[in-house]
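Enquirer: Chain by chain, the residues run as shown.
Protein chains: 4
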Amino acid sequence: MNNQTLILIQCQDAVGLVASVAHIIAKHHLNIVTMREFVDEENHKFFVRVVCSGVPAATALLQQDLEENLPARAQVSINPAREKKLVILVTKEHHCLADILVRHFFKTLNASIKAVVGNYDTLQEFTEKFDIPYHCVSHENKSKEEFEQELADTIMPYQPDYIVLAKFMRILSPAFVAKFENKLINIHHSFLPAFIGANPYRQAYKRGVKIIGATAHYVTNDLDEGPIIVQRTKSINHSYDVPNLVTAGKEIEKAVLSHAIHLLTEDRVMLQGNKTIVFE
Amino acid sequence: MNNQTLILIQCQDAVGLVASVAHIIAKHHLNIVTMREFVDEENHKFFVRVVCSGVPAATALLQQDLEENLPARAQVSINPAREKKLVILVTKEHHCLADILVRHFFKTLNASIKAVVGNYDTLQEFTEKFDIPYHCVSHENKSKEEFEQELADTIMPYQPDYIVLAKFMRILSPAFVAKFENKLINIHHSFLPAFIGANPYRQAYKRGVKIIGATAHYVTNDLDEGPIIVQRTKSINHSYDVPNLVTAGKEIEKAVLSHAIHLLTEDRVMLQGNKTIVFE
Amino acid sequence: MNNQTLILIQCQDAVGLVASVAHIIAKHHLNIVTMREFVDEENHKFFVRVVCSGVPAATALLQQDLEENLPARAQVSINPAREKKLVILVTKEHHCLADILVRHFFKTLNASIKAVVGNYDTLQEFTEKFDIPYHCVSHENKSKEEFEQELADTIMPYQPDYIVLAKFMRILSPAFVAKFENKLINIHHSFLPAFIGANPYRQAYKRGVKIIGATAHYVTNDLDEGPIIVQRTKSINHSYDVPNLVTAGKEIEKAVLSHAIHLLTEDRVMLQGNKTIVFE
Amino acid sequence: MNNQTLILIQCQDAVGLVASVAHIIAKHHLNIVTMREFVDEENHKFFVRVVCSGVPAATALLQQDLEENLPARAQVSINPAREKKLVILVTKEHHCLADILVRHFFKTLNASIKAVVGNYDTLQEFTEKFDIPYHCVSHENKSKEEFEQELADTIMPYQPDYIVLAKFMRILSPAFVAKFENKLINIHHSFLPAFIGANPYRQAYKRGVKIIGATAHYVTNDLDEGPIIVQRTKSINHSYDVPNLVTAGKEIEKAVLSHAIHLLTEDRVMLQGNKTIVFE
Numbered sequence: 010m011n012n013q014t015l016i017l018i019q020c021q022d023a024v025g026l027v028a029s030v031a032h033i034i035a036k037h038h039l040n041i042v043t044m045r046e047f048v049d050e051e052n053h054k055f056f057v058r059v060v061c062s063g064v065p066a067a068t069a070l071l072q073q074d075l076e077e078n079l080p081a082r083a084q085v086s087i088n089p090a091r092e093k094k095l096v097i098l099v100t101k102e103h104h105c106l107a108d109i110l111v112r113h114f115f116k117t118l119n120a121s122i123k124a125v126v127g128n129y130d131t132l133q134e135f136t137e138k139f140d141i142p143y144h145c146v147s148h149e150n151k152s153k154e155e156f157e158q159e160l161a162d163t164i165m166p167y168q169p170d171y172i173v174l175a176k177f178m179r180i181l182s183p184a185f186v187a188k189f190e191n192k193l194i195n196i197h198h199s200f201l202p203a204f205i206g207a208n209p210y211r212q213a214y215k216r217g218v219k220i221i222g223a224t225a226h227y228v229t230n231d232l233d234e235g236p237i238i239v240q241r242t243k244s245i246n247h248s249y250d251v252p253n254l255v256t257a258g259k260e261i262e263k264a265v266l267s268h269a270i271h272l273l274t275e276d277r278v279m280l281q282g283n284k285t286i287v288f289e
Numbered sequence: 010m011n012n013q014t015l016i017l018i019q020c021q022d023a024v025g026l027v028a029s030v031a032h033i034i035a036k037h038h039l040n041i042v043t044m045r046e047f048v049d050e051e052n053h054k055f056f057v058r059v060v061c062s063g064v065p066a067a068t069a070l071l072q073q074d075l076e077e078n079l080p081a082r083a084q085v086s087i088n089p090a091r092e093k094k095l096v097i098l099v100t101k102e103h104h105c106l107a108d109i110l111v112r113h114f115f116k117t118l119n120a121s122i123k124a125v126v127g128n129y130d131t132l133q134e135f136t137e138k139f140d141i142p143y144h145c146v147s148h149e150n151k152s153k154e155e156f157e158q159e160l161a162d163t164i165m166p167y168q169p170d171y172i173v174l175a176k177f178m179r180i181l182s183p184a185f186v187a188k189f190e191n192k193l194i195n196i197h198h199s200f201l202p203a204f205i206g207a208n209p210y211r212q213a214y215k216r217g218v219k220i221i222g223a224t225a226h227y228v229t230n231d232l233d234e235g236p237i238i239v240q241r242t243k244s245i246n247h248s249y250d251v252p253n254l255v256t257a258g259k260e261i262e263k264a265v266l267s268h269a270i271h272l273l274t275e276d277r278v279m280l281q282g283n284k285t286i287v288f289e
Numbered sequence: 010m011n012n013q014t015l016i017l018i019q020c021q022d023a024v025g026l027v028a029s030v031a032h033i034i035a036k037h038h039l040n041i042v043t044m045r046e047f048v049d050e051e052n053h054k055f056f057v058r059v060v061c062s063g064v065p066a067a068t069a070l071l072q073q074d075l076e077e078n079l080p081a082r083a084q085v086s087i088n089p090a091r092e093k094k095l096v097i098l099v100t101k102e103h104h105c106l107a108d109i110l111v112r113h114f115f116k117t118l119n120a121s122i123k124a125v126v127g128n129y130d131t132l133q134e135f136t137e138k139f140d141i142p143y144h145c146v147s148h149e150n151k152s153k154e155e156f157e158q159e160l161a162d163t164i165m166p167y168q169p170d171y172i173v174l175a176k177f178m179r180i181l182s183p184a185f186v187a188k189f190e191n192k193l194i195n196i197h198h199s200f201l202p203a204f205i206g207a208n209p210y211r212q213a214y215k216r217g218v219k220i221i222g223a224t225a226h227y228v229t230n231d232l233d234e235g236p237i238i239v240q241r242t243k244s245i246n247h248s249y250d251v252p253n254l255v256t257a258g259k260e261i262e263k264a265v266l267s268h269a270i271h272l273l274t275e276d277r278v279m280l281q282g283n284k285t286i287v288f289e
Numbered sequence: 010m011n012n013q014t015l016i017l018i019q020c021q022d023a024v025g026l027v028a029s030v031a032h033i034i035a036k037h038h039l040n041i042v043t044m045r046e047f048v049d050e051e052n053h054k055f056f057v058r059v060v061c062s063g064v065p066a067a068t069a070l071l072q073q074d075l076e077e078n079l080p081a082r083a084q085v086s087i088n089p090a091r092e093k094k095l096v097i098l099v100t101k102e103h104h105c106l107a108d109i110l111v112r113h114f115f116k117t118l119n120a121s122i123k124a125v126v127g128n129y130d131t132l133q134e135f136t137e138k139f140d141i142p143y144h145c146v147s148h149e150n151k152s153k154e155e156f157e158q159e160l161a162d163t164i165m166p167y168q169p170d171y172i173v174l175a176k177f178m179r180i181l182s183p184a185f186v187a188k189f190e191n192k193l194i195n196i197h198h199s200f201l202p203a204f205i206g207a208n209p210y211r212q213a214y215k216r217g218v219k220i221i222g223a224t225a226h227y228v229t230n231d232l233d234e235g236p237i238i239v240q241r242t243k244s245i246n247h248s249y250d251v252p253n254l255v256t257a258g259k260e261i262e263k264a265v266l267s268h269a270i271h272l273l274t275e276d277r278v279m280l281q282g283n284k285t286i287v288f289e
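Protein chains in written order, with the numbering used here: chain A, 10 to 289; chain B, 10 to 289; chain C, 10 to 289; chain D, 10 to 289.
Everything labelled a hint here was simulated from the structure, so no lab data went into it. Treat each hint with caution, since some may be false.
Identical copies carry no separate label here, and so any pair may be met within one copy or between two of them.
DSS-like, lysine-lysine: derived pairs with alpha carbons at most 27 Å apart [as the list claims (entries may be wrong)]: (1) Lys54 / Lys215; (2) Lys101 / Lys138; (3) Lys192 / Lys215; (4) Lys215 / Lys284; (5) Lys138 / Lys243; (6) Lys284 / Lys192; (7) Lys93 / Lys215; (8) Lys36 / Lys101; (9) Lys153 / Lys188; (10) Lys36 / Lys188; (11) Lys123 / Lys259; (12) Lys215 / Lys101; (13) Lys101 / Lys151; (14) Lys123 / Lys36; (15) Lys259 / Lys188.
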């Protein structure tokens, strides 16, 4: 992968964009390996993800060439950090964390886990088996503000690209969310927008649904309303009580979150308003 | 199937119910082929569906024996109508209706379609190809009351076991629903409880979900809140605009509705409050 | 769609192909709406499907420009027939045929069904409901050669783009297949390459599989060995006997075949050796 | 669960078996919580799995009562070992092992892992993080006989209920298989019976399939031909090269194997010839 170049562009739509982009790339002696584009016709936006073989002689020049020849205010990103830095936030449930730590240990995560932060120490022993620092930041006997300040202070030094809420069961304030804009990734244990909020499996049980699901999404100020990255579902039937639903749900949750992390670490997700463009 | 007996029981849970039921069935010289039971522990309810080989010498006696030996107010149904009578309600969309009519024509529906009733005449020509009576009951220039009275008057003479709303796009009043209690089956074009109400695909598009679905359910007074029978989903991505979602959704809708009809016509669905027990 | 241009290219891979293609398209004043490409690295082949807005002033010139500037022997196709002509071959089973005829009737098939040809008359009445000519070409009391000659003579006048074997249960000779190269599409009632040949559901039952499937594929000389277009599967369990498997399988078969037809009629399938590139 | 009784019965089919079983259970003052039965009509066999609340005063007497009142040679098992003992066999791939060890560590496996045995030491460090003994039994410089003898000698002292081949890449001899009859569980990295044998992903790539899968099955003398317990599939497309297929496949493999172990540890799998009855 070291002699490849990844280019991400997001701009106003216009005539001839693919040709412009391809032309500039060729001018810089790069060869397009794969190109995925999308035009959001409602918002007149153009998105493209290009993988090229070869490395530009002058990345800054390529960037400048692209910016000057694309619509004003185009966002051009050339070779964003290859290995993203992650901080994982947890409470007591292990399934998502364990899945991520195992992938990290065997080097299939394509990201570097810098730390795990929990509001309990439940998962400390397990985390430390994998030589990852674990910080216990309890929310007890603290105001929300104090708790979140301590949380931010713990996270900040690691300068993470993404903060993964791997079943972190505290609702974060708008102030905290603003501090880590577009970096907070959550796994919600339902098929959003169904069963927003607490106890989704209890809600699902009461409603008598025949399918449950999980959703990985960016965190925004509105609870469970951020841009969705990945969703999956599983058929169930009347014989599932709440504990059965929770058990079945955990399998989906960990698969969905790990897949979302995979997409993010490969820079396959682009944001447009409250939606995502995902180039799988 | 003619020398088989189907027994459905629903009652308060109690110790020894399976043994009692099996004992009484054996006493009447029937042999159990399959037996599916479920205990709703929250509501202390017992449900069982038994298929026996053989026909009871005296069905009334078997019924009496079961009722006397099961908890008070047990609902016992022996050989409910083998071939259900259906009336189908439609508006303009053909996909669900066509799927049902084709199954009916080739005798794989296990039910008898008595009539199709539409509030437009759009689907009349198609319906009549299959020699099924089509009634056009327009809602135009009528009060809701008048329209529903005419609808009921059209349906009533057919004495249907189920009235299938195969993309019938009018909201029915509580009075109408009460008239056909537990007989109205609807296909809703979303994965309920997500996107209740109008334009679910538009809602799904705006929310940026990565999965769409459909739900077949009993109709109750609360819009899209009745007991769910079948649900299915399909993965989508950012490239689906609203018309694409509608097209993809129709495939799910017709499959879900046909499967729900199949379950109902084989008496595999039992109601408990706002939920269903489905013995697949 | 009338002011769009579809361009399909298949050629040896080379440096700068996307740029070349995009440049030529821009030169002819077309704007790229979507572009999907694929490089088969094993065979050094490049495939691209481009949808442009606008119509070229001179299609022949655009074709020439592309051919001259792409690697030798590039296959360039501009605006292949928008509405494909289909002939459907059947035996006695109705489910795939009915699904296709209904879509055709309601104009959602994006293709024109010219005729249905069956080796029995079982499906004649149904076909004729939709005003499609039905030809009964019996195989009885004929040599394979005679039968296939009559079949070919019946099909040929319609000049179909594709001949869809919608549960046509006769094995076709290499000579017949050669006559309609890359035009014969079959639905096989198993998840190929499992259960090649006759009675796949019986084979699946005996093997005790927990999933069944169906495969839509091009027909080549080797039985059930042609390039695969679409496959789907469904979970089953020990309680399915052979008739249950057949019934469940039919639902998959019709969905898979209809989806394959949809892909073909939108020119989303390209052939490379014994495999397909499918730009969904 | 401690005051529940699990009863598994497998016998020739006969009239009145459910009634007999239910009657005897009631006589011993147990209450049926769930009862799942299956009649294999082809082989005239009856299978039932009953969960009762309560514990029999005399288990031996209950066993005797059942055996005496059921067809000759009925296999009756009352409360088989609640927590199965497992030995895991591995080679170099970690994904299935890790999934199992994590579940074990967090006590969601419902089984006790006694040891991991590998023919390389690749997974030793990881295994030992979880305080599970790891035995490296190399196959190098040994005859197959010697290797398998050493393997058996390593496994035997643990008296496992099941030996799980979690991507163990050596083919076992009939002699070895005979030694552990009905105890060897394998995960095969394809959707059996497609792609039996080596390099299934390479085979799948060459065939151009649109779906891949994995199969958990009992090991018998015929390679990849044993009774199937669980299968799952995943859609893929032309863009997957062999390494992509392997990566995608691993996610299915670990999910399938863990689900099979779950079913086995809850005594939900019964064997009938080369097939399984699975009471999910």
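Enquirer: Next step is simple, just say for each hint if it's right about the structure.
Expert: Hints and how they fare:
Only between protomers do Lys54 and Lys215 lie at most 27 Å apart by alpha-carbon distance; the minimum there is 16 Å, versus 42 Å within a single protomer. In the homo-oligomer, the alpha carbons of Lys101 and Lys138 lie at most 27 Å apart both inside one protomer (17 Å) and across protomers (20 Å), since each shortest distance falls under that limit. With identical chains, the CA atoms of Lys192 and Lys215 are at most 27 Å apart between copies only, with a shortest distance of 22 Å across copies and 34 Å within one. Taking the shortest alpha-carbon separations for Lys215 and Lys284, only the inter-copy value of 8 Å comes in at or below 27 Å, while the best intra-copy value is 30 Å.
For the identical chains of this complex, Lys138 and Lys243 are neighbours neither inside a copy (32 Å) nor across copies (32 Å), given an alpha-carbon limit of 27 Å. For a Cα distance limit of 27 Å, the shortest separation of Lys284 from Lys192 inside one copy, 15 Å, qualifies, whereas the shortest one across copies, 40 Å, does not. For a Cα distance limit of 27 Å, the shortest separation of Lys93 from Lys215 qualifies neither inside one copy, at 40 Å, nor across copies, at 30 Å. For the identical chains of this complex, Lys36 and Lys101 are neighbours neither inside a copy (53 Å) nor across copies (45 Å), given an alpha-carbon limit of 27 Å.
In this assembly of identical chains, the alpha carbons of Lys153 and Lys188 lie at most 27 Å apart only when taken from the same copy (15 Å versus 53 Å across copies). Within a single copy, Lys36 and Lys188 get their C-alpha atoms no closer than 39 Å, and across copies no closer than 47 Å, so neither meets the 27 Å cut-off. Taking the closest pair of Cα atoms, Lys123 and Lys259 come within 27 Å of each other both inside a single copy (24 Å) and across two copies (26 Å). In the homo-oligomer, the alpha carbons of Lys215 and Lys101 lie at most 27 Å apart inside one protomer (25 Å), although the nearest pairing across protomers, at 34 Å, exceeds that limit.
For the homomeric pair Lys101 and Lys151, the shortest alpha-carbon distance inside one copy (19 Å) is at most 27 Å, but the shortest distance between copies (47 Å) is not. Taking the shortest alpha-carbon separations for Lys123 and Lys36, neither the intra-copy value of 39 Å nor the inter-copy value of 50 Å comes in at or below 27 Å. For a Cα distance limit of 27 Å, the shortest separation of Lys259 from Lys188 qualifies neither inside one copy, at 29 Å, nor across copies, at 37 Å.
Consistency note: the structure conflicts with the earlier hints numbered 5, 7, 8, 10, 14 and 15.
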